[in-house]
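A.B. asks: Below are the chains, spelled out letter by letter.
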Amino acid sequence: MPQIFHHSTNALAKITIYGAVFIGVALLWVAVELNRSSWNTGQWVEKQQPVQFSHKHHVGDDGIDCRYCHTSVETSASAGMPSTNTCMSCHRQIWADSPYLEPVRASLRDQKPIEWIRVHDLPDYAYFNHSIHVNKGVGCSTCHGRVDDMPIAFQAATLQMEWCLECHRKPERFLRPNDKIFDMTWRSENKNAAEIQQGIGWKADYKVQGPEVLTSCSTCHR
Amino acid sequence: MRRKLVMWKSERTEGVKGATGDAVKVRRGDAATMRPRVPASPRLPVPASPRLPVFLLLVALLITIGCRRDMQDQPKMKPYRGTTFFNDGLSARQPIAGTIPRGFLRTDTEFYTGKKSGSSGAPQSTAENPFADDVDTFPFAVTEETVKRGRERYDIFCVVCHGMTGNGDGMIVRRGFRRAASFNDDRLRQAPVGHYFDAITNGWGAMPSYAAQIPVQDRWAIIAYIRALQLSQLNPNAQPGASPVPGATPGPLASPGASPAASPSPSAGGHD
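Sequence lines, in order, name chains A and B. Numbering (the numbering used here) for the first sequence: 1 to 222. Numbering (the numbering used here) for the second sequence: 1001 to 1272.
Rather than coming from a laboratory, the hints here were simulated on the basis of the structure. Ideal placement from N, C-alpha and C gives every residue a C-beta, glycine not left out. Misleading hints may appear alongside valid ones.
[Unchecked claim] Heads up, simulated PhoX-like pairs for lysine-lysine below, C-alpha to C-alpha not over 25 angstroms straight-line:
1. K180/A / K112/A
2. K180/A / K170/A
3. K136/A / K203/A
4. K1078/B / K136/A
5. K136/A / K47/A
6. K191/A / K170/A
7. K1076/B / K112/A
8. K112/A / K1148/B
9. K207/A / K1078/B
10. K1078/B / K203/A
11. K47/A / K112/A
12. K1148/B / K136/A
13. K47/A / K1078/B
14. K136/A / K112/A
15. K180/A / K1148/B
16. K136/A / K170/A
17. K191/A / K203/A
18. K180/A / K203/A
19. K170/A / K207/A
20. K180/A / K207/A
[Stated by the list, open to error] Here are some chain A residues pointing at chain B (derived, C-beta under 10 angstroms):
21. N35
22. D62
23. G63
24. I64
25. S78
26. S83
27. C90
28. D97
29. R118
30. Y125
31. M184
32. T185
33. W186
Start from the sequences, fold in the hints, and give me the full structure.
C.D. replies: In structure tokens, the structure reads:
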């Protein structure tokens, strides 16, 4: 019986076997990248909201402090969302007839809260708390990006566990002075050696706990 | 092949017997008696081959893949999450009308309303003194901390309309809001602190109420800062020697060692 494959195909077979390793690695890499991609994490995705609310207008142009609307961010786990009355404190008078604000006026008329679409949404098995971060030197822009530049709010970080841990292992890379927490222009990361040195100082000032506590599973999965 | 299978079976039953026997013993014994009961002989039960259980476990794990969404979105109440359980769809419940949560009893009228206490002898507002029923001293000792806190809160909630100097020309006013009152005109300099508290708590004319956003203690802190602001905006050359803020009694505002004795506990300063 004649050989079906020529002798030289042996080499081809060998190459394919080695190649399979590379294909395997490549597939793994694709899987990891897909897992971190915005398609999976929702990063960068702008969500359409019931009202075309723009942080760029309100924070960037008008200079309203985050806490005017997100009142509980320093004291509780949730940052807090503005009530309809908070919007109306200004919009009763300015832009009072704007068609863009009709859902807000309807909400006041019908006494029904505006239903915003969540942009950031951790899974329920992970525990997050704003107050501890804001009180220990982590600024809004470190996690949420330049909100004052966002016409539509989007998620600036992946919010994956590796992202939380990257900071919890070495918080000095991200800390800032206590009075700059809400300052959108302050650097979001301490990059060079001098800045990290400052970060270590703040870490001591705020008595930030060590990585054994901050990376312990039960800190975030409780 | 066949023989092997049978052996595996018999091994398994033996192992299971031993295991359950031990387990029962251990469970019955308390901490003190547990140790001696563990058989000291080397004839410990041989563990069963793990193949079948492991296989079953893997199959079970495959099934749980479908459960992922349930862990992501658990049927529990989190802030701002709606519910179908209550008719109004809100998971955050309000206290039943007429009830007072523990720690929210507001007996200190001056602190919580800015009005003079004592129902019978309370003076009424008149044309010449519109603020007669407002308290004219702070209901607690003002310290440097209070003023600092007040400055921070003023910059969050008031600056947008009343401006950095309190002249009433904030950003929102420049965008078309009714001109906010200037804290630096004589009428408001003379006004007692209780009037400011009233304006923040209940609103004043075109100004909305800030009771929902600013806790009581912070409202007083803001007022303390406004008093400091008024002092700083006074032109000393225009009124030399004049008592700057009558009735304000900022008290130990400038003296460093002031005792915050009368300041109420922070837990009392809840939202209105």
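A.B. asks: Please go over all the hints and tell whether each is borne out by the structure.
C.D. replies: Cross-check of the supplied hints:
The straight-line distance between the Cα atoms of K180/A and K112/A is roughly 36 angstroms, outside the 25 angstroms bound, and the hint therefore fails. A C-alpha spacing of about 20 angstroms is found between K180/A and K170/A, which places the hinted pair at or below 25 angstroms, so the restraint holds. Distance restraint check for K136/A and K203/A: the Cα-Cα separation of roughly 8 angstroms lies within the 25 angstroms cut-off, and the hinted pair is therefore satisfied. For the given pair, K1078/B sits about 24 angstroms from K136/A by alpha-carbon distance, which is consistent with the 25 angstroms threshold.
As the CA atoms of K136/A and K47/A are separated by approximately 30 angstroms, the hinted pair breaks the 25 angstroms bound. Note on K191/A and K170/A: the hinted pairing holds, with a Cα-Cα distance of about 12 angstroms set against a maximum of 25 angstroms. For the hint linking K1076/B to K112/A, the alpha-carbon distance of about 22 angstroms falls within 25 angstroms, and the restraint holds. With a CA separation close to 37 angstroms, the supplied pair K112/A and K1148/B exceeds the 25 angstroms bound.
Our distance criterion of 25 angstroms between C-alpha atoms is broken by K207/A and K1078/B, whose separation comes to about 29 angstroms. Restraint check for K1078/B and K203/A: not satisfied, since their Cα atoms lie roughly 31 angstroms apart, outside the 25 angstroms limit. Distance hint between K47/A and K112/A is fulfilled; the C-alpha atoms sit about 21 angstroms from each other, no more than 25 angstroms. With a C-alpha separation of about 19 angstroms, the suggested pairing of K1148/B with K136/A holds against the 25 angstroms cut-off.
Distance check on the hinted pair: K47/A and K1078/B sit about 21 angstroms apart at the alpha-carbon level, within 25 angstroms; holds. Taken as a hint, the K136/A and K112/A pair is broken in the structure, with Cα atoms around 36 angstroms apart against an allowance of 25 angstroms. At roughly 15 angstroms between alpha-carbon atoms, K180/A and K1148/B fall within 25 angstroms of each other, so this suggested pair holds. Simply put, K136/A and K170/A have alpha-carbon atoms about 14 angstroms apart, close enough for the 25 angstroms limit, and the pair holds.
The suggested pairing of K191/A with K203/A holds, with an alpha-carbon distance near 15 angstroms, which does not exceed 25 angstroms. Taking the CA atoms of K180/A and K203/A, the gap is near 15 angstroms; set against the 25 angstroms cutoff, the hint holds. Of the pairs offered as hints, the one joining K170/A and K207/A holds, with about 14 angstroms between alpha carbons and a cut-off of 25 angstroms not exceeded. A hinted pair counts as satisfied when its Cα atoms are at most 25 angstroms apart, and K180/A with K207/A qualifies at roughly 18 angstroms.
The beta carbon of N35/A comes no nearer than 14 angstroms to any beta carbon in chain B, farther than 10 angstroms, and the hint placing it at the interface is violated. With a least beta-carbon distance of about 5 angstroms to chain B, the hint placing D62/A at the interface is held under the 10 angstroms criterion. A hinted interface residue such as G63/A counts as satisfied when its beta carbon comes closer than 10 angstroms to some beta carbon of chain B; here the least separation is about 5 angstroms, so the hint holds. Hint on I64/A holds. Least Cβ distance to chain B is approximately 6 angstroms, under the 10 angstroms limit.
Taken as an interface hint, S78/A checks out: its beta carbon lies about 4 angstroms from the nearest beta carbon of chain B, inside 10 angstroms. Satisfaction of the interface hint for S83/A is found here, the shortest Cβ-Cβ separation to chain B being roughly 7 angstroms, below the 10 angstroms cut-off. Annotation: interface hint on C90/A holds; nearest CB of chain B at approximately 6 angstroms, less than 10 angstroms. A hinted interface residue such as D97/A counts as satisfied when its beta carbon comes closer than 10 angstroms to some beta carbon of chain B; here the least separation is about 12 angstroms, so the hint is violated.
Because the beta carbon of R118/A sits about 8 angstroms from the nearest beta carbon in chain B, less than 10 angstroms, this interface hint is met. A cut of 10 angstroms between beta carbons decides the hint on Y125/A: the least distance to chain B is about 5 angstroms, and the hint holds. Checking M184/A against chain B by beta carbon gives a least distance of about 15 angstroms; that is not within 10 angstroms, so the hint is violated. With its C-beta approaching chain B no nearer than about 16 angstroms, T185/A sits outside the 10 angstroms limit, and its interface hint is violated.
About 16 angstroms separates the beta-carbon of W186/A from the nearest beta-carbon of chain B, more than 10 angstroms, and the hint is not met.
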